[in-house]
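**Q** One-letter residues, chain by chain:
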Amino acid sequence: MSRRVASPAEPAVDQEVAAEHGLSADEYERLCDLLGRTPTWTELGITSALWSEHCSYKSSKVHLARFPTSGPYVLQGPGENAGVVDIGHGWVAAFKMESHNHPSFIEPYQGAATGVGGILRDVFAMGARPIACLDSLRFGRLEAPRMRHLVDGVVRGIGDYGNCVGVPTVGGETGFHPSYDRNILVNVFALGLARRERLAHARAAGAGNPLLYVGSPTGRDGIHGATMASEAFAADSEAKRPTVQVGDPFTEKLLLEACLEALRTGAVVALQDMGAAGLTSTAFEMAARGGTGVYLNLSRVPLREPGLTPYEIMLSESQERMLLVVERQRQKDVEGIFRRWGLEVTDVGKVTDDGRAEVRFARRKVADMPVQPLTQGAPVLRRPVRVPKDLEERQRPPEVPQPDDPTAALAALLDTPEMGSKAWIWRQYDHTVRTNTVAGPGGDAAVLLLKGTPAGLALTSDVNPVYCWLDPHRGGAQAVAEAVRNLACVGAEPMALSDCLNFGSPEDPQIAWQFRECVEGMAAACRALEVPVISGNVSFYNQTDDGGPGGPRAIHPTPTVAMVGLIPDLASLPSSSFTRAGDRIVLLGTDAGEFGGSAYLRLLYEVEQGRPPAVDLGREARLAELLRFLAFEGLISTAHDLSEGGLAVALAEACFGRGLGAEVSLELAPLNLFSETQGRALVAAPAAAVEQVLEEAEAYGVPALEVGAVGGERLRIRASGGAVDAAVEDLRRRWETALPRWMEETG
Amino acid sequence: MRCGIVVFPGSNCDHDVYHVLKHVLGQEAMFLWHDATDLKDCELIVLPGGFAYGDYLRAGAMAARSRIMSAVARHAERGGLVLGICNGFQVLLEAGLLPGAMRPNRGLRFLCQDVYLRLERHDLPFTHAYRDVRVARMPIAHAEGCYVASDEELDRLEAGGQVVLRYGDAGGGRGDDDPAVNPNGSARAIAGIVNRQGNVLGMMPHPERCAEAVLGNEDGLPLFRGLTEEHGRTAR
Chain U
2 MSRRVASPAE PAVDQEVAAE HGLSADEYER LCDLLGRTPT WTELGITSAL WSEHCSYKSS
62 KVHLARFPTS GPYVLQGPGE NAGVVDIGHG WVAAFKMESH NHPSFIEPYQ GAATGVGGIL
122 RDVFAMGARP IACLDSLRFG RLEAPRMRHL VDGVVRGIGD YGNCVGVPTV GGETGFHPSY
182 DRNILVNVFA LGLARRERLA HARAAGAGNP LLYVGSPTGR DGIHGATMAS EAFAADSEAK
242 RPTVQVGDPF TEKLLLEACL EALRTGAVVA LQDMGAAGLT STAFEMAARG GTGVYLNLSR
302 VPLREPGLTP YEIMLSESQE RMLLVVERQR QKDVEGIFRR WGLEVTDVGK VTDDGRAEVR
362 FARRKVADMP VQPLTQGAPV LRRPVRVPKD LEERQRPPEV PQPDDPTAAL AALLDTPEMG
422 SKAWIWRQYD HTVRTNTVAG PGGDAAVLLL KGTPAGLALT SDVNPVYCWL DPHRGGAQAV
482 AEAVRNLACV GAEPMALSDC LNFGSPEDPQ IAWQFRECVE GMAAACRALE VPVISGNVSF
542 YNQTDDGGPG GPRAIHPTPT VAMVGLIPDL ASLPSSSFTR AGDRIVLLGT DAGEFGGSAY
602 LRLLYEVEQG RPPAVDLGRE ARLAELLRFL AFEGLISTAH DLSEGGLAVA LAEACFGRGL
662 GAEVSLELAP LNLFSETQGR ALVAAPAAAV EQVLEEAEAY GVPALEVGAV GGERLRIRAS
722 GGAVDAAVED LRRRWETALP RWMEETG
Chain D
62 MRCGIVVFPG SNCDHDVYHV LKHVLGQEAM FLWHDATDLK DCELIVLPGG FAYGDYLRAG
122 AMAARSRIMS AVARHAERGG LVLGICNGFQ VLLEAGLLPG AMRPNRGLRF LCQDVYLRLE
182 RHDLPFTHAY RDVRVARMPI AHAEGCYVAS DEELDRLEAG GQVVLRYGDA GGGRGDDDPA
242 VNPNGSARAI AGIVNRQGNV LGMMPHPERC AEAVLGNEDG LPLFRGLTEE HGRTAR
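Sequences listed follow chains U and D, in order.
Residue numbers for the first sequence follow the numbering used here, beginning at 2 and rising by one.
Residue numbers for the second sequence follow the numbering used here, beginning at 62 and rising by one.
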């Protein structure tokens, strides 16, 4: 028996039409089986969105299952709009990271802006007020076509949106690499705070409860955005501009305030953003989570222009829209709140108890589908994997030239957009609004005050795509380990992480292998360092086939990690810069002379080869514990982790903050000043505390060596047979102007 | 003191000002909705930062015509204290409560950074608590903060002592043409002005963002303290 669903005005559906929608023959057959008949045009559109890679995670699911997702702080793991940790003092933090890569390459300003908008809505849909954003950006070479336009557009887009809504962008990272010449990455993270008892959910419940549509009217923008994000770019990516949405941060701000106010009434049963795949994914996901059904009357959906078809209404990705389930008896109260904020609110349907999604338009039924089979029945693919043909070649130990002049090598490194200051970018982001920012962009981790408590939150985002390309397992582990280290530098214990896994096409077995290896490396580090994964997003198909020889070019594997930590007491927060002349400098961890994938080889010699530095998770755990202890006890004034560019770059960066110099001597070859051996950090402590720092390091099993002192106006690093010796001001000028020189250049 | 913070749709520093007045200084603070006509007997009215009505037209242009602004104008006329910060300053200009206008920053980019401010007057309710402090460090965060006015108007402002805050260097020196000193390119490096009566101040920097030791800077606190705790001392 099949229900009759008529759609006279719409195109007929067959396997060929389904294939144009991206459904495989298997998937089409499965859909027909689920419905017991041929799908309607609207149903096909709905299914193609729900089963797109972007919404269904069909290629990644089997691997993502390896992540630990629970831990002592976790209240909500993956599956909701955002993950949630309990931070104590009655507060919870909801956070998530998402990609907006494809739209940002097509239209950088709106693509990036709407990325911020979407992630903010995910967070306030949890009932949490967004208090911070991070942005992890990857661009191609600045000399590549359109690249400066893309950088400028993305930065303005992020800035204009976040600045207007009033959520500070407190950190992130920006990298430049040729693998992103044709596919840039825009990964946006947001964190919000809620009182524990006020946490909201997105589970549609209570048959008969109305569905309220709030926010902007629906237009034709962004139709099939989710599907577009599930395909590689061809030479004609410009033609995809209509799939990009347009952002309106003012409406977002009103939605944010109105939703939080509505939630305080207790009359809101569930709410969710209409994000990727619009009304379709929102209605289906809310019903699926609640084990209920939905009835939608599309004739009531507010439209920006007349004549939208039900297909278009279901798939539009117009921004700044939310769907709420409210208690029937209190519908008027909730509607009043939205109207007071000047927002349109429309009753577009109701929750049902038959487990089906029934969609009507102009008195016709245009879709009638079972909810659970469609959402949970999305195909799970076990894509074949294969070790890349050239992996051995990539990992062949590189020749590492000694620097002719270590000072010149350091200066040249600092003078690249890659290693240079990113202040040109983050000065365009409001990073101080909401008055919680204790440490903003530019340090190891951002630090936010938790008002009314002595505690603070620390946020960082990390990944080294070159390491991941050379050895995805190590690269994945390193991203997690570095994030833990960055948090430890401000005395924070990691609570959980969100990730954004950016890769090429999973249909390419070599990329599927990269993905699996990265995830396994991350998962191993998450288990060893006790950091659960509570939310995130996968972005495949970051590759471009422009018809050139060698086939499509994919980005370097980029599993971005955004980690959140808790600082029990901000009173003794160390700085990432040197703060006092006379402080003694102690190096934690030992060097093993590792240069595979190093900034030194890559930026000075254009060599990207060798195995990246080994990641010893036990050593990372001990170092992080030691750093947290030293910070908590107030024994150190400075802590800064060693990463790209090694000890030389870390020392230079520590000098830049206050323009304080340092005098250091080590028994190391000058080359080793640029080694990127992991599990290391430098700290500075008052002379009187150095003995204790060294003793504690020994107790924690971390090798420690006093190497010099803070002071003067020069950075002097004496190594065996060579030295760095430069005025801090000279180095800083290069470091500060490396990026703006490219971006502000006219003509 | 009863302090009213006006909330326009799109205000986003309203909570920050409230926090300083209520929790840092222990004052009686409340929010006033943009379409209210009654200021609820508040003695100090703050127009906070943000993007009122989205500022898609011209910063502050729509907010200046909202219903509450008539009440704010009457309050100002009667000598009541009004403080406009950032977007609030833009609203005061658009409402005609202060002279001049704002243009996009030189460089045409949003700028969020610390600036140094020369305190040009210490005899106003807004500044008297700074006593002998001549230079304060505060954050700015705006895209349209380049203050402009006609030369005659600027001369009048200078002559009348209406320029209260000016962008300067860390030592209090001038550097009007230096983007490192006067980042938005304001005429005569003007960062804040007061009306002739001395009871309405507009300023681009954010004193509410530097009013707690834990944030590493308390240079903004004397402004609020001077307005509230030692209220009663009027201008000139």
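Derived by calculation from the structure, the hints in this document are not laboratory data.
Since the model is a prediction, treat every value here as computed from it, not as a measurement.
Here a beta-carbon is modelled for each residue, glycine too, at the ideal position from N, C-alpha and C.
Errors might be hidden in some of the hints.
Short, incomplete list of chain D residues facing chain U, as computed with Cβ under 7 Å [as the list claims (entries may be wrong)]:
#1 70
#2 71
#3 73
#4 77
#5 79
#6 92
#7 100
#8 167
#9 169
#10 174
#11 198
#12 200
#13 202
**Q** With reference to the structure, classify each hint as holding or not holding.
**A** Results of checking the hints against the structure:
This hint holds: residue 70 of chain D has a C-beta 6 Å from the nearest C-beta of chain U, less than the 7 Å allowed. Hint status for residue 71 of chain D relative to chain U: holds, with the closest Cβ pair at about 5 Å, below 7 Å. Taken as an interface hint, residue 73 of chain D checks out: its beta carbon lies about 3 Å from the nearest beta carbon of chain U, inside 7 Å. The beta carbon of residue 77 of chain D is positioned within 7 Å of a beta carbon in chain U (closest approach about 5 Å), and the interface hint is therefore held.
Checking residue 79 of chain D against chain U: minimum C-beta separation of about 10 Å lies over 7 Å; hint violated. About 11 Å separates the beta-carbon of residue 92 of chain D from the nearest beta-carbon of chain U, more than 7 Å, and the hint is not met. For residue 100 of chain D, the suggested interface contact is broken, since its CB lies about 20 Å from the closest CB of chain U, more than 7 Å. With 7 Å as the threshold, the beta carbon of residue 167 of chain D stays out of range of chain U, its nearest partner Cβ sitting at about 12 Å, so the hint is violated.
Taking 7 Å as the C-beta cut-off, the interface hint given for residue 169 of chain D is violated, the closest approach to chain U being about 10 Å. Given the 7 Å rule on beta carbons, the hint for residue 174 of chain D holds: about 5 Å separates it from the nearest Cβ of chain U. Hint status for residue 198 of chain D: violated, given a least beta-carbon distance of 12 Å to chain U, over 7 Å. Because the closest C-beta pair between residue 200 of chain D and chain U is about 5 Å apart, less than 7 Å, the hint holds.
With a least beta-carbon distance of about 4 Å to chain U, the hint placing residue 202 of chain D at the interface is held under the 7 Å criterion.
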